[in-house]
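J.: Each chain, letter by letter, is given below.
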Amino acid sequence: MSNRVAVIGVGQTKYASKRPDVSIAGLLREAAQRALDDAGLTYADIDAVVIGKAPDMFEGVMMPELYLADALGANGKPIMRVHTAGSVGGSTAIVASHLVEAGIHERVLTVAFEKQSESDAMWALTVRPPFQPSTVGGAGGYFAPYIRAYMRRSGAPADTGMRTVVKDRLNALKNPYAHLHQPDITLEQVAASPMLWDPIRYAETCPSSDGACAMVLASESAAAKAPGKPAWVHGTAMRSEPTMFAGRDQVNPQAGQDCARDVYKAAGITNPRKEIDCAEIYVPFSWFEAMWMENLGIAPLGEGWKMVQEGATGMDGDFPVNMSGGVLSSNPIGASGMIRYAEAAMQVRGTAGEHQLDGVRKAMGHAYGGGSQFFSMWIVGSEKP
Amino acid sequence: MTDAYGVVSRPVRLDYTFTAGKALSRFLTIIEGGKIIGQRCPKCAKVYVPARGSCPTCGVATAEAVEVKDRGIVTTFCIVNIPFPGMAVKPPFAAASVLLDGADIAIFHLLQEVPVENVRMGLRVEAVWKPASEMEMSMESIAYFKPTGEPDAPYDSYKDLL
Ligand SMILES: [Zn+2]
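In order, the protein sequences belong to chains A and B. 1 is the number of the first residue of the first sequence in this note's numbering; add one for each residue after it. 1001 is the number of the first residue of the second sequence in this note's numbering; add one for each residue after it.
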């Protein structure tokens, strides 16, 4: 029997295109200090630190866990770094939760970050191996063909992606940490924005952000002493699949389906659309909201777009998605997955402020990374599992 | 100076050595001569191009060499409208998943000699090879793919092989 795990502290930085006022260490410390304050703890109370970020080549800082140990108060304590590409923020939180679940530590600080203003992701991802020509330029070019394939397969109306963008960016107005605040955004404006990687328009892509997110994960006895209401971890799951294999379906990846099945089982959920009150889903390009609703089994196959069109994923829909504004409103890559997890925890703790939904009992955090290769998910609840 | 922050730019350069292994070495040697070779999995019979010496699905070694055609089907694509470092041609251009005839997995490559608005899923295309003097041990020995003029492939014939 494993031990119960709770989120007792959450800290985020304001997401912005540039944070020249802080170093990478300063950025992390800002989020970590806020999480500790929320948990009513100091660095001295922490048993271990687990950090995550996207590839080292982005900022050119190799093994950041070495450089960041002292800034995170880890002197003499265990510190480890997790890496699973874009899903890393989620898997970092899961690794940290496992240290508590296994009964090894009482209080673990977990932090994830990216400082995109000091980074060159396009350069870092353009490695030109001899077996593959350099053709697309960045993540948008990689994912655009699969979005096109989804459109063809589902017959979804062309404005589906635009509706997700407008919904998420309007939600972001209620989140003081969100990078993009665009109060005047309209479908017409999104439709008129330039096509970067057809069928992906500029307005349908995530921004490039600096930012960090942190959480304090605690055992049941440590959670009992916390000043605030805890979010209880009901289930975690991670899955992966190879980057290339015959018949690989990048519109509806097997690893994502399996990961969702695992996390529902771990949390004792049989009807996710009904039993989960809201979700923070990793949607870096607009169409992925519709695609992931199917991949997660929330919508029937071929009908994810209907949830978007009918407003089911809106704040007042039956399955609200990305109340915080999501990745489409803030994308500090390595942190983006952890933000999803932290925002899910905030919803069940009732601490989401202006974007708080009423009476949330169970919420889901989701992240994916690589070429839809890594998946990580957790479900948190207001009550003990 | 309290509100001024130092931000300095430091360049990073990366040259790397790529050890191709047996299967990829064979592929790269053969592509330099203008042919494309894959390998068939002994278990699931799928033909992988370029072959890596094992089947990712079955986890078994692959040995049987299979020559595939330098023509195939555009299974899906995107139109790149923005410039990025190291790009081969000026935007707008189409980058496509091309399922070569005889292969069970698509490769990704450039499309040229077709207006971007005419690029579509199912388009039949063929490789345009670089001149002999520019051939190298790289997928870039193929300059790009261009339409063959054949009728489009039916959607059902490639929909599961994006
Ligand atoms: Zn096989």
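The hints are simulated quantities; they were obtained by calculation from the structure and are not laboratory data. The reader is advised that the hints may include incorrect statements.
Unchecked claim - Chain B stretches covered by chain A per the calculated footprint, using a threshold of three residues with CB under 8 Å from any CB of chain A:
# : segment
1 : 1020-1030
2 : 1120-1132
Said to hold, decoys possible - Among the chain B residues that face chain A by a calculated CB cut under 10 Å, a handful are:
# : residue
3 : Arg1052
4 : Thr1075
5 : Met1135
6 : Met1137
7 : Asp1160
Please read these numbers as outputs of a predicted model, since none were measured by experiment. Note that beta-carbon positions come from the ideal geometry of N, C-alpha and C, so glycine has one too.
J.: Each of the hints needs a verdict: does it hold here or not?
T.: These are the hints, each one checked on the structure:
Counting residues of the segment 1020-1030 of chain B whose CB lies closer than 8 Å to any CB of chain A gives 4, so the stated coverage by that chain holds, three being the minimum. Residues of the segment 1120-1132 of chain B with a Cβ under 8 Å from some Cβ of chain A number 1, which does not satisfy the need for three, so the listed coverage is violated. Because the beta carbon of arginine 1052 of chain B sits about 8 Å from the nearest beta carbon in chain A, less than 10 Å, this interface hint is met. At about 8 Å, the closest approach between the beta carbon of threonine 1075 of chain B and any beta carbon in chain A falls short of 10 Å, and the interface hint on this residue holds.
Below 10 Å, beta-carbon pairs count as interface contacts, and methionine 1135 of chain B has none with chain A, the closest being about 13 Å; its hint is therefore violated. For methionine 1137 of chain B, the shortest C-beta to C-beta distance to chain A is roughly 6 Å, which falls under 10 Å, so the interface hint holds. At about 6 Å, the closest approach between the beta carbon of aspartate 1160 of chain B and any beta carbon in chain A falls short of 10 Å, and the interface hint on this residue holds.
Consistency note: the structure conflicts with the earlier hints numbered 2, 5.
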